[in-house]
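Asker: This is what each chain is made of:
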Amino acid sequence: MEDVFLFGRKMNREKNRLEKFKKFKKLLIKRVEAEEKKKAEEMVK
Amino acid sequence: MPERPEKDPIPDMKKEFAELREAQTAKVEAQKKSKVAEFERAQQKVYEEAEDILRIAREYSPDPVKFILQVADDYAKEESISFLAAGARIGQYLSPEWKRKVDKAVREYFEEVKFSDFAKSSTGNNEIETLKILSEEGYSSFLVVAAHYPNDIEGRKKAFDSFFRATKLSRAAFDEFKKDSFERKELIVLDPGSNFPEAKKYIEKIKKEGSAEEYENLINLIYMHRIFSMVILRCLPEFDCNERTILFQKMANDAGIEVGNYIETVGHAALKLDGYPLVFDPFDMKIRTSEECARQVGYHASEGGGSYFYRDREGEYLAEYDDSNKYPKKIIGYRKVEQNATPIGSYDDICGVLNDVALGFLEKGDDAGARALFESILHLNPDYVLAVAGLAVCSDNVQSLERIIARGSNSKEALGVMATLLKRKGDLDGVKNYAEKVLNLDPNNFSRTVELAEILEKKGNDLVAITYRKRAFELNPGDLSNYRGLVRLYADREIFDRVVFYTNWFVKVRGDEFPEVSENLKNLSVAYLRMRFRDFGYDFNGLGDSDSASAKKFAEEVFDICRRRKVSVSEIKWEEIFPKGSSIDYEGGSVPYDQGAANLNALNKVEDWIRNNLK
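Chains A and B, in that order, give the protein sequences. Counting from 1, one number per residue, gives the positions in the first sequence under our numbering. Counting from 1, one number per residue, gives the positions in the second sequence under our numbering.
Bound-form chain A, shown alone (with noise of 0.2 Å):
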């Protein structure tokens, strides 16, 4: 049950929100790419 005042407001946060979550994913994805290749340097030596 929801006051259908809010719902332009809420969405927005929530488009917001899913920016940041994005945002977020890549990071970590950055950082999985980044240890899978300091493990493969390190299996190399």
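Hints are computed from structural coordinates only; laboratory data are not their basis. Heads up, some of the hints might be wrong.
Below, in silico cross-link-like pairs of lysine to aspartate or glutamate (EDC-like), each with a Cα-Cα straight-line distance of 16 Å or less [what the hints assert, rightly or not]: (1) K25(A) to E48(B); (2) K99(B) to E137(B); (3) K25(A) to E59(B).
Here are some of the chain B residues that sit facing chain A, going by a computed Cβ distance under 10 Å [stated by the list, open to error]: (4) A72; (5) Y75; (6) E129.
A short list of chain B residues far from chain A (calculated; beta carbon distances all over 10 Å) [claimed, not checked]: (7) K45; (8) I53; (9) G210; (10) A372.
Predicted model only: the values in this text are computed from it and were never measured. For every residue, glycine included, the Cβ atom is placed at its ideal position computed from N, Cα and C.
Since chain A is already given, all that's left is putting chain B on it; use the hints.
Answerer: For chain B alone, coordinates are given in the frame of chain A:
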């Protein structure tokens, strides 16, 4: 803030209100159609993204929690925000478990935060940024609690405890109400005594023209509005109005509906007005749109989202601001704001809201304020019987009230108003008569039950007063003043087991908040035990007057056993443990006589009996 104008405080609100309402309804309907589906899609996407993050962390790292924390640190650095702010922005939305973790960290932060640091340029900006993010991400109520106790860390921790306890309690009560059948909800919503004609028209229109789902949603929404203040009052009788409004906000967030959009606290108000179309502004007794009201207190709707204000009722700032003028750099002082603007929901019974405010004025003795409001209500709805009754109260006019009641408005509210009027006139018999009538219609009415008990006490009829006090205690065991009234009546008659019994109950319900009552319970129990032993004429050296220190120790230990086993000392049947004629003292005592061993033996017997006979 403007002074309340002396001349003609009653604007022609009927037309104004009708126009506002029409515009508002059109806006709502338009929003309803386009936004709901879009909102749900956005929410689903966020959910999927969170799942994905958790999955990657699980698949990649043997310690996914640590891994996510590391990434949160990366994120905080990249965004130049604090680690905690990153948790509030991302972490809390990942899963319920993460939410709990972040909640805990945020609470710890607010328990320790020093507002004085805000003024330091080295840390101030970061602190303000963190505070801003935490508020945006749903932790504004935490800030409000912390701000109540700027320099008192212990007080603040206690406030957090009671804040969370009260939230939990009222959530439970709220959930109970939600379980009511639709028929019952409908009955309450459609109660003709409390419906503003415009609202009634709207409900009828939806019933006729809208879908069944739409009608059901509407009834549910109004029902929730109606019961909310009831829940708050029941769960938080000791909170001041400001703390209550904070809890409104907190529960509104938790329950998923927007109820308290106007938070006012000691010296600072957080305004988030866009959820409410209309606001009753008590400073000049006007109903405004939320935008107008916001402008009145210096809020600019164009800023969006809502912002914080640190002002007292004269409009003086109590905080220093930086350039953005949005978040306080330094809080200078706190002052209690007595008069709150009252937000009026889109489907609210506006006359009911105004009537409540007017009754508040009456209680404070501001008859002129109350009168102006009652007259305003009659401008909106000339048939609103409670306002007619209210006006009669203002002019102490019993006859006109009697006419209203005789005309068939035999509603419990009208009878209640009559009782209030007679109370002002000091007519105890009259009050009793009308309070009884109210109780016939509404047997669970707590305040009228207490009122009757008080009258009976004044008239010296304590035995019947006890019956009403007991009933009131059953209705609301957490009410301090009724509890005190009840035990006073018993104590006057030296009926100690009842005093202990009810004190025990009160301590169970609200003992944490009133340590002095818990302490008192111990003393009462000791006194009670000693009396019982004397009554039974036991040959028990330790409990005789000859050795009162030892008697007190024995009684205190019995009390501790009872507390540990969560039973009341008044439930113990002593004659079963120590049958008359038995001699307690020598049973366990060695020769020469050993008081300690005798006490221990007797205590073991008491504990065994409790274990076998009480839960």
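Asker: Hint by hint, note whether the structure agrees.
Answerer: Each hint tested on the structure:
no.: 1; hint: K25(A) to E48(B); verdict: holds (12 Å)
no.: 2; hint: K99(B) to E137(B); verdict: holds (12 Å)
no.: 3; hint: K25(A) to E59(B); verdict: holds (14 Å)
no.: 4; hint: A72; verdict: holds (8 Å)
no.: 5; hint: Y75; verdict: holds (5 Å)
no.: 6; hint: E129; verdict: violated (15 Å)
no.: 7; hint: K45; verdict: violated (5 Å)
no.: 8; hint: I53; verdict: violated (6 Å)
no.: 9; hint: G210; verdict: holds (13 Å)
no.: 10; hint: A372; verdict: holds (29 Å)
Hints 6, 7 and 8, counting from the list given before, are not met by this structure.
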